[in-house]
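With the hints as constraints, model all of the structure from the sequences given.
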Amino acid sequence: MTLAMDEAPGMPLNRAMLKSARRRERRILSGLALPALVLVACILLIPFAWLAWLSLFDAAGNLSAQNYARLLRPAYVGSFLTTFKVAGLVTALCVVFGYPVAYLLSQLSARAAQILLVFVILPFWTSVLVRTYAWLVLLQRNGVINDWLLSMGVIGEPLALVHNLTGTIIGMVHVMLPFLILPLYASMKAIDPVLLRAAANCGASPSQAFRQVFLPLSMPGLASGIALTFVLCLGFYLTPALLGGGRVAMWSTQIADAVSKFSNWGAASALSVALLVVTAVVLWGVRRLTDALSFSAGKP
Amino acid sequence: MRSGRVNLREVHKAYGSFRALDGVSLDIKAGEFLTLLGPSGSGKTTLLNVIAGFERPDLGSLLVDDVEFITRPPHKRDLGMVFQNYALFPHMDVFSNVAYPLKLRKVDKPSIRRRVMDALEIVHMQHLADRRITALSGGQRQRVALARAFVFEPRLLLMDEPLSALDKNLREHMQIELKRLHKQLGMTTIYVTHDQQEALTMSDRIAVLDKGRIVQLDVPATVYDRPNCKFVAGFMGETRFLPVERRDQSYVLDGRPLRLADTRAVSSTGETWLMVRPERLRWQGDASSDNRIEGRVLDVVYRGDCNQVSVSLPGGHEVAIRHSGAERQPLPQPGDTLALWLPAEASLVIGSAAP
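Protein sequence lines correspond, in order, to chains A and B. Under the numbering used here, the residue at position 300 of the first sequence is numbered 300, and the numbers go up by one with no gaps. Under the numbering used here, the residue at position 10 of the second sequence is numbered 10, and the numbers go up by one with no gaps.
Hints were generated in silico from the structure; no laboratory data involved. Beta carbons are placed, not taken as given, at the ideal position from N, Cα and C, and that holds for glycine. Where hints are given, some of them may not hold.
Between beta-carbon pairs, the in silico distance windows are [what the hints assert, rightly or not]: (1) A:190 x B:111: 33 to 39 Å; (2) A:190 x B:177: 28 to 34 Å; (3) A:207 x B:96: 16 to 22 Å; (4) B:113 x A:207: 22 to 28 Å; (5) A:97 x B:180: 52 to 58 Å; (6) B:179 x A:207: 37 to 43 Å; (7) B:326 x A:190: 53 to 59 Å; (8) B:201 x A:190: 33 to 39 Å; (9) A:36 x B:111: 58 to 64 Å; (10) A:285 x B:65: 24 to 30 Å; (11) B:96 x A:35: 46 to 52 Å.
Quick list of in silico lysine-lysine cross-link-like pairs, DSBU-like style, CA-CA up to 35 Å [said to hold, decoys possible]: (12) B:103 x B:183; (13) A:189 x B:168; (14) B:103 x B:29; (15) B:211 x A:189; (16) B:168 x B:106; (17) B:179 x B:168; (18) B:106 x A:189; (19) B:211 x B:168; (20) B:103 x A:189; (21) B:211 x B:29; (22) A:261 x A:19; (23) A:189 x B:76.
Among chain B residues calculated to face chain A with C-beta under 7 Å, some are [to be verified]: (24) 75; (25) 89; (26) 100; (27) 101.
Okay, here's the thing in C-alpha cells:
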C-alpha cells in the first residue's frame with residue numbers, strides 16, 4: 001500500500017464513522033449471546049462456584065482440604081477405577097457396534113439413510129429412565145431374555161444379566177450408541193466418495209481402499225464420537241444406579257450416596273469438582289488428538 | 001504394435017428412461033489424444049466412467065488391447081485417471097499420493113522413490129514432495145493428480161475435465177503443458193471436456209457427443225471448419241446460422257445463389273443453413289467469387305483485441321464480424337449499412353442432422 005493513511009484535506013475517509021459502525025455491529029452481535037450467557041451464569045457457573053466453595057469446608061464448617069484427602073481412600077479410588085473401566089468398555093463396545101452402522105448409513109442413498117437414521121435417533125428421543133426400566137424387564141432373572149434362552153435350551157439356569165456390571169454395560173451401550181454414531185456418520189458423509197474411486201483406479205481392491213483411504217479419513221469423526229461417549233459415561237448416573245443394583249460403584253453413584261445417604265455435601269462437592277477436572281483433562285487430550293488427526297486444517 | 005488401443009462397440013447405458021449412452025462405437029488408436037466433447041448430459045463423462053470401470057453399461061463391448069474389459073473391476077484395469085476435482089488423498093502428503101499406485105503394485109521402496117520423484121519432476125512438483133495436499137493451490141493439486149495417474153505407466157490415461165476448476169490463464173497454460181506431456185509420455189489419452197477451445201488445442205481427434213451418441217469424430221480442423229451438422233457447428237466457435245433455400249443442386253441466400261467451394265452432400269431432408277463465424281467474414285470481397293451479406297450495424301462492442309460489430313440482417317437474423325484496426329476500413333457506427341463478404345471456401349451449408 002502506497003496510499004497515504006492520513007486523511008487528505010478536503011477528502012474525508014470517514015475513519016471515525018466506519019469505526020463506530022464496526023463497533024455498533026459488534027455490540028449487536030454480542031447482544032445476541034447475552035440471554036444464553038445469563039442463563040449459563042445462573043444455572044451453571046454460580047451453582048458450580050458454590051459447589052466448589054462447599055468442597056473446601058469440613059463437616060464442622062472449618063476451612064480444610066479434608067474432602068479432597070478423602071478422595072484417595074481405597075473405596076473412592078476403587079470407584080474411580082470402576083468408572084474408567086465401565087466408560088472404557090462401553091465406549092469400546094459402542095465403537096464395535098456403531099462403526100458398521102455409521103458406515104452403512106454413509107453408503108446408503110439419502111432416502112434410505114434417513115429412514116435408518118430414525119432407528120438410531122428414536123431411542124435417543126425416549127427417556128433414559130423408560131429405556132433403563134425396559135432393560136430391567138428384559139434382563140431380569142425371569143425376564144424375556146432368560147426365558148427365551150432357557151426355552152431354547154441354550155442355558156440350564158438363568159444368567160445374572162442385571163444388578164451387576166453386565167447389566168450396567170448393556171444398558172449404557174444402548175444409551176450411548178447414538179452419541180457415537182451421529183458424529184461418526186456426519187464425518188463419514190463428508191468423505192468424498194470420489195476418493196474411493198480414485199483409490200480403485202490406483203489399483204486398490206475394495207478392502208484396501210477401505211483400510212487405506214476410508215478408515216484413516218473417518219478417524220477424526222471417530223475420535224470425537226469416542227470423546228463424547230467416554231465423557232458422558234464418566235458422569236452417567238441413572239443406568240448404573242438402576243441396572244447396577246448398587247453393586248456397581250461409579251463416580252456418579254458415589255456423589256449421589258454422599259448426598260442422599262450421608263448428607264455430606266463437602267464430600268459430594270469434592271467428588272464433583274474432581275470429576276469435572278478429570279472430564280476437562282480427557283476432553284483436552286482428545287481435542288489434541290483430533291487436531292493431530294484432522295486433515296482439513298493442515299499446516300504446510 | 002504399441003499397447004493402449006481401445007475399441008468400444010455399441011455401448012448402451014440408461015438411467016430409467018434417460019439414455020446416457022445410446023449405442024456408442026469408437027476406435028481409439030494407441031498413443032492417440034482423443035477428446036470426448038459435448039454439453040453436460042451428452043454422455044461424455046458416463047462414457048469415461050464406463051472405460052474406467054465405475055459404471056457398468058447395459059450392453060456393449062469395451063476392448064483394451066483386444067481384451068474384453070466390460071465387467072472387469074476398476075482396480076484391475078491398470079488405467080490412470082485424473083478426476084475433475086483431483087480426488088487426492090487428504091491424509092497423505094504429495095509423495096505418498098503419487099506413491100500409492102506403486103505401493104499397491106508392490107514395487108520395492110528404492111524404485112518407488114525414484115519413480116515418484118521422476119513423475120513429480122515431469123510435473124514440476126519435486127520441490128513440494130513432502131507438502132500436505134491441503135497446503136497446495138489448485139494448479140499444484142492438478143499436477144500431483146496427473147503425476148499419480150501416470151506414475152505406474154498405465155496404457156491409458158483418462159482425464160475428466162481436469163482443468164475446469166482452474167482460472168483461465170492457468171487453464172490455458174496447463175493445456176499446452178498437458179499436450180507436451182502427452183507427446184513426452186506417449187500413452188493413449190482420453191480427455192473429457194465441455195470446452196471446445198480446450199478440445200481444439202489439445203486433441204489429435206475430437207469425438208463430439210450429443211444425447212448419448214457420437215455426432216462427429218474427426219481431427220480438430222475438420223470438426224471446426226467442416227462440422228457435419230448444426231449441433232456441432234453451433235458448439236464450436238461463435239457460430240451464427242442463416243437459413244438458405246435449396247434449389248436443385250445449389251443453395252440460395254436472399255435470392256442470390258451461394259458460391260460454395262465444398263459441395264458435399266447435406267442431408268436431403270429438413271432445413272439447411274449457411275454457417276457464419278465472425279473470424280471468417282471479410283470487410284472486402286469480390287462479387288464474382290464471394291458471397292455478399294448485407295445488413296445494418298446493431299452495436300459495436302470493444303473487446304480489447306478487437307471490436308465486435310453485430311449486424312442485423314433482414315428476417316431478424318444477426319451475424320458478427322471483428323474489427324481489429326488492420327483492415328482498410330473505419331470502424332462503423334450503429335445504424336450504418338454494411339456489406340460483408342464470406343469467401344466461397346469459408347462458406348458451408350449444413351443440415352440439422354449429420355448426412
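Hint-by-hint comparison with the structure:
1. Look at residue 190 (chain A) against residue 111 (chain B): about 35 Å separates their beta carbons, and that is inside 33 to 39 Å.
2. The given range of 28 to 34 Å is respected by residue 190 (chain A) and residue 177 (chain B), whose C-beta atoms sit roughly 32 Å from each other.
3. The supplied range of 16 to 22 Å is met by residue 207 (chain A) and residue 96 (chain B), whose beta-carbon atoms lie about 19 Å from each other.
4. Taking the beta carbon of each, residue 113 (chain B) and residue 207 (chain A) are about 27 Å apart, inside 22 to 28 Å as hinted.
5. For residue 97 (chain A) paired with residue 180 (chain B), a C-beta distance near 54 Å keeps the hint of 52 to 58 Å intact.
6. Checked against the hint of 37 to 43 Å, the C-beta distance between residue 179 (chain B) and residue 207 (chain A) comes to roughly 38 Å, which is consistent with it.
7. A beta carbon spacing of about 55 Å between residue 326 (chain B) and residue 190 (chain A) agrees with the range 53 to 59 Å that was offered as a hint.
8. Here the CB-CB span from residue 201 (chain B) to residue 190 (chain A) is close to 36 Å, well matched to the stated 33 to 39 Å.
9. A C-beta distance of roughly 60 Å is found between residue 36 (chain A) and residue 111 (chain B), which places it inside the suggested range of 58 to 64 Å.
10. Under the hint 24 to 30 Å, the C-beta atoms of residue 285 (chain A) and residue 65 (chain B), about 55 Å apart, miss the expected range.
11. Take residue 96 (chain B) and residue 35 (chain A): their Cβ atoms lie about 49 Å apart, and the range 46 to 52 Å holds.
12. For the hint linking residue 103 (chain B) to residue 183 (chain B), the alpha-carbon distance of about 27 Å falls within 35 Å, and the restraint holds.
13. A threshold of 35 Å between alpha carbons decides the hint, and for residue 189 (chain A) with residue 168 (chain B) the separation of about 32 Å falls inside it, so the pair holds.
14. As the CA atoms of residue 103 (chain B) and residue 29 (chain B) are separated by approximately 30 Å, the hinted pair is consistent with the 35 Å bound.
15. Taking the CA atoms of residue 211 (chain B) and residue 189 (chain A), the gap is near 32 Å; set against the 35 Å cutoff, the hint holds.
16. Between residue 168 (chain B) and residue 106 (chain B), the direct Cα distance comes to roughly 39 Å. Violation of the 35 Å bound is thereby established for this hinted pair.
17. Using a Cα cut-off of 35 Å, the hinted pair residue 179 (chain B) and residue 168 (chain B) holds, with the two alpha carbons roughly 17 Å apart.
18. About 31 Å separates the Cα atoms of residue 106 (chain B) and residue 189 (chain A), which keeps this hinted pair within 35 Å; it holds.
19. For the given pair, residue 211 (chain B) sits about 28 Å from residue 168 (chain B) by alpha-carbon distance, which is consistent with the 35 Å threshold.
20. With a C-alpha separation of about 27 Å, the suggested pair residue 103 (chain B) and residue 189 (chain A) falls inside the 35 Å cut-off, and the hint holds.
21. Between residue 211 (chain B) and residue 29 (chain B) the alpha-carbon distance is near 24 Å, which keeps this suggested pair within the 35 Å criterion.
22. In summary, the hint linking residue 261 (chain A) to residue 19 (chain A) is not supported, as the alpha carbons are separated by about 60 Å, beyond the 35 Å threshold.
23. Under the criterion of a C-alpha separation no larger than 35 Å, the hint pairing residue 189 (chain A) with residue 76 (chain B) is consistent with the structure, at around 27 Å.
24. Hint status for residue 75 (chain B) relative to chain A: holds, with the closest Cβ pair at about 5 Å, below 7 Å.
25. Interface hint status for residue 89 (chain B): upheld, as the beta-carbon distance to the closest one in chain A is roughly 6 Å, under 7 Å.
26. Taking 7 Å as the C-beta contact cut-off toward chain A, the hint placing residue 100 (chain B) at the interface holds, the least distance being around 5 Å.
27. Hint status for residue 101 (chain B): holds, given a least beta-carbon distance of 4 Å to chain A, under 7 Å.
Of the numbered hints listed earlier, those contradicted by the structure are 10, 16, 22.
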